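We have chain F; now place chain B onto it with these hints.
The primary structure of each chain is shown beneath.
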Amino acid sequence: MRPRLEVEWTQIKDDLKNVFGLTEEELAKYDDISKDDQMAGYEMMQMCRQFENACNQAYMQGNIRGFMHLDNGQETIPAFVADSIRKTDIKYSYYREHTHALASGVDPKAIMAELFAKETGTCKGTGGSMHIYDKDTFFQGGWALVCEQLPYAVGAARSILLDRKLGIAPPDDDRMAIVFVGEGGAQNGRMAECLNAAAKENLPILFLVIDNGRAINTYTMDVATNSDVFAQGAHYGVPGVKCDGQNMVDVMRAGRAVTDYVRGSGPAIMQVRQYPKSYIRCRHDPFLIRTTRPTPVRIHSTPRSLVRSIVRSFDRSSGRQRKDR
Amino acid sequence: MAEVKEVIAYAKTSPEPPASLAKELEFPDAPDTDYNTKTVPDTAAGITTSSTDAAALARCEEHIVGLKEKAAAGQITIGDAVNLAILEEMIRDPMTTIHAEDLQAGSSYDIPKLTQQTFGTLRAADEIIDEGHFIGKALGEGMNGYRPIVELMNTNFGIYGMAELSSAGNTYATTGGQFEMPMTIIGAGGTAPNQALGAEHSQPFHAYVMGIPGLKICTASSPEAAYGIAKSMIRDNGPGILFLPVKQMKSVKGSVDEGVCLPMNKARVLHKASDASISAGKAVTVLTYLHGVKESLDAMETINADGNDIELIELTSLKPLDMDTIRASLEKTHKIIILDESTLSGGVGATVSALISERCFDELDAPVRRLCMDDAPVPYAASMEKAVVKRGSDLIEAVRDAVAKKL
Chain F
1 MRPRLEVEWT QIKDDLKNVF GLTEEELAKY DDISKDDQMA GYEMMQMCRQ
51 FENACNQAYM QGNIRGFMHL DNGQETIPAF VADSIRKTDI KYSYYREHTH
101 ALASGVDPKA IMAELFAKET GTCKGTGGSM HIYDKDTFFQ GGWALVCEQL
151 PYAVGAARSI LLDRKLGIAP PDDDRMAIVF VGEGGAQNGR MAECLNAAAK
201 ENLPILFLVI DNGRAINTYT MDVATNSDVF AQGAHYGVPG VKCDGQNMVD
251 VMRAGRAVTD YVRGSGPAIM QVRQYPKSYI RCRHDPFLIR TTRPTPVRIH
301 STPRSLVRSI VRSFDRSSGR QRKDR
Chain B
1 MAEVKEVIAY AKTSPEPPAS LAKELEFPDA PDTDYNTKTV PDTAAGITTS
51 STDAAALARC EEHIVGLKEK AAAGQITIGD AVNLAILEEM IRDPMTTIHA
101 EDLQAGSSYD IPKLTQQTFG TLRAADEIID EGHFIGKALG EGMNGYRPIV
151 ELMNTNFGIY GMAELSSAGN TYATTGGQFE MPMTIIGAGG TAPNQALGAE
201 HSQPFHAYVM GIPGLKICTA SSPEAAYGIA KSMIRDNGPG ILFLPVKQMK
251 SVKGSVDEGV CLPMNKARVL HKASDASISA GKAVTVLTYL HGVKESLDAM
301 ETINADGNDI ELIELTSLKP LDMDTIRASL EKTHKIIILD ESTLSGGVGA
351 TVSALISERC FDELDAPVRR LCMDDAPVPY AASMEKAVVK RGSDLIEAVR
401 DAVAKKL
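Going down the list, the sequences are from chains F and B.
Using this note's numbering, the first residue of the first sequence is number 1, and each one after it goes up by one.
Using this note's numbering, the first residue of the second sequence is number 1, and each one after it goes up by one.
Source of the hints: derived by calculation from the structure; they are not laboratory data.
Bear in mind the structure is a predicted one, so any value in this text is a computation, not a measurement.
The beta-carbon is built from N, C-alpha and C at its ideal position, and this holds for glycine as well.
You may find that some hints are simply not true.
To be verified - Estimated spans, in silico, between C-beta atoms of each pair:
id, chain 1, residue 1, chain 2, residue 2, range
1, B, 1, F, 29, 30 to 38 Å
2, B, 128, F, 23, 30 to 38 Å
3, B, 22, F, 40, 36 to 44 Å
4, F, 189, B, 406, 49 to 57 Å
5, B, 196, F, 189, 25 to 33 Å
6, F, 226, B, 357, 51 to 59 Å
7, F, 164, B, 117, 14 to 22 Å
8, B, 45, F, 217, 53 to 61 Å
9, F, 61, B, 43, 27 to 35 Å
10, F, 66, B, 162, 19 to 27 Å
11, F, 171, B, 196, 52 to 60 Å
12, F, 199, B, 272, 52 to 60 Å
13, F, 29, B, 2, 33 to 41 Å
14, B, 386, F, 66, 43 to 51 Å
So here's chain F without its partners, still in its complex pose (with noise of 0.2 Å):
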């Protein structure tokens, strides 16, 4: 329904020259995103995908019960998480997370038990699909209620700051935390709060606007009048940028760019804008069709078809044999 965001790399990198101050030097090294390093972005993209397929599946069998959220057609963000961010790093997302721990290191059979209501679950199956913590991959949450894991993050942020004042942060500091809000739930009064905050203290915090067009089953151009939350911190002076998240290489480069700028100066906005074709938005009863309107089919829309396409061609150019999952 609504078209792929269509901005060239080049466009981006301007927005992080003239709103993030970055120099054409800073800028060129963002350029390149190695063969391995993507190939390793497909992987992650696989693995996410194949994961919450198999959660689907459990879901209809009955091994998984409940309100349940899946990522599918939005892996440049895991594969992006897997590439920027670090163990150490502090983590906040919302109840649509699985590809988020996955990406963060949290063991995929811990997540699943969990999911499935096991003890050998991440939280012991006290919280299921919408609470996955894992405390040694600072994944901190899983949280089911629309953006409030908005301020539990800033106070990560402040955490990190505290450490440092105390002395006990380790040498050479430069974590972070990130988290994970839609462009639905960014319309709540936190997300000022929150940009305030960050601005305010300077923060090491990075808000990930995931932009999928809908606030639960409501396009969000028919109840917010900017969508563009990227902008909204001009308020605070916190810049931010968008980018196509159909395009893994650019959610890739404007990710490191954004990260490296977070760890170093302080707090940013990087919205992905996703174009979710086959998308099970929330899961709570296998019959239950909520009728929206139609969305037509698109080729190439969703990330892991453009990737797959992309890597045929290394692979032609490159006459390598690729091993077949």
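Below, chain B alone, put in the same frame as chain F:
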């Protein structure tokens, strides 16, 4: 994908958690924990000295000495007593932080006084006017090794933070015990008779939070209880909220038991009924908290003049409730009245009354008598308010009724 198949197989064959797990995960620290036995790491003192300005720390210590002198003279207020507890704990444990509105100005009752001047703006943060926002930030700090204190300028404002407070209560259990939540919320609130603070500053937030799982709830109407319970609550590794009486923060004066942490699961027996009144069947157990304590103490003379007496029990622990102390008194009097500054529906007295009827039924000669607020916003005009909010005069009547066996 092979790996995903293995993941599914693992999940399928794993065992389910036992039914007992929910109860096990209720509190990181058991209700009967003695917080005097809690220790801080050896590195704590060094971290405090190296991260705090020496001159500021010296000024803070001087201020503490002044407060202790007041306490020794029996002249310390509730606000100052809590300030003393907070400063002591923030010096003792450098991981302790505090958030409040008007923090650097001391807020309304000097509870956060000198915290920012001593420890700096990161550890002692002034906040924008949204309790949800800074309770939320406190939660994030609590997830990462810090021990946040949040002062509510008035507990009514806590309503803005219900989502965050409830998530704090859920954290330990819903993470399967991975994350403790050592959050302490302190605020002045409640409803004094004739307080004329308007409906929105007179709401029973203590009643609204009763049902939040994982949250320990305490009250204090004296500097001694406020100091001792605040210290414990700060050291407790789960979330706790301490309610103080809004109209008595500077008027009630007392002392503190220096350095002593009080239990968080005990009621305080403030007055025992005479043996004579008990044998004559003219003694009534009275449960109350916050402003009700002073109301009851002030009513004592008239109650005695009537030839009656009361066992006055202050509910310093609302959750978990100290049923043992209540039962011990009921075994003597067999009559009980709750002077309750929350509403008929959903109030604190309702929960306590239900628990007593369920667990002490055989000790009761009559139904539990609940003197509580009407289901109405507290009116400004005193002429209206006296019907809505129950007070000492209502207690005197209720004691007469109980002794005369009138329902």
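Tested hints:
{"no.": "1", "hint": "B:1 x F:29: 30 to 38 Å", "result": "holds (33 Å)"}
{"no.": "2", "hint": "B:128 x F:23: 30 to 38 Å", "result": "holds (35 Å)"}
{"no.": "3", "hint": "B:22 x F:40: 36 to 44 Å", "result": "holds (40 Å)"}
{"no.": "4", "hint": "F:189 x B:406: 49 to 57 Å", "result": "holds (53 Å)"}
{"no.": "5", "hint": "B:196 x F:189: 25 to 33 Å", "result": "holds (31 Å)"}
{"no.": "6", "hint": "F:226 x B:357: 51 to 59 Å", "result": "holds (56 Å)"}
{"no.": "7", "hint": "F:164 x B:117: 14 to 22 Å", "result": "holds (21 Å)"}
{"no.": "8", "hint": "B:45 x F:217: 53 to 61 Å", "result": "holds (56 Å)"}
{"no.": "9", "hint": "F:61 x B:43: 27 to 35 Å", "result": "violated (51 Å)"}
{"no.": "10", "hint": "F:66 x B:162: 19 to 27 Å", "result": "holds (23 Å)"}
{"no.": "11", "hint": "F:171 x B:196: 52 to 60 Å", "result": "holds (58 Å)"}
{"no.": "12", "hint": "F:199 x B:272: 52 to 60 Å", "result": "holds (58 Å)"}
{"no.": "13", "hint": "F:29 x B:2: 33 to 41 Å", "result": "holds (36 Å)"}
{"no.": "14", "hint": "B:386 x F:66: 43 to 51 Å", "result": "holds (49 Å)"}
Of the numbered hints listed earlier, the single one contradicted by the structure is hint 9.
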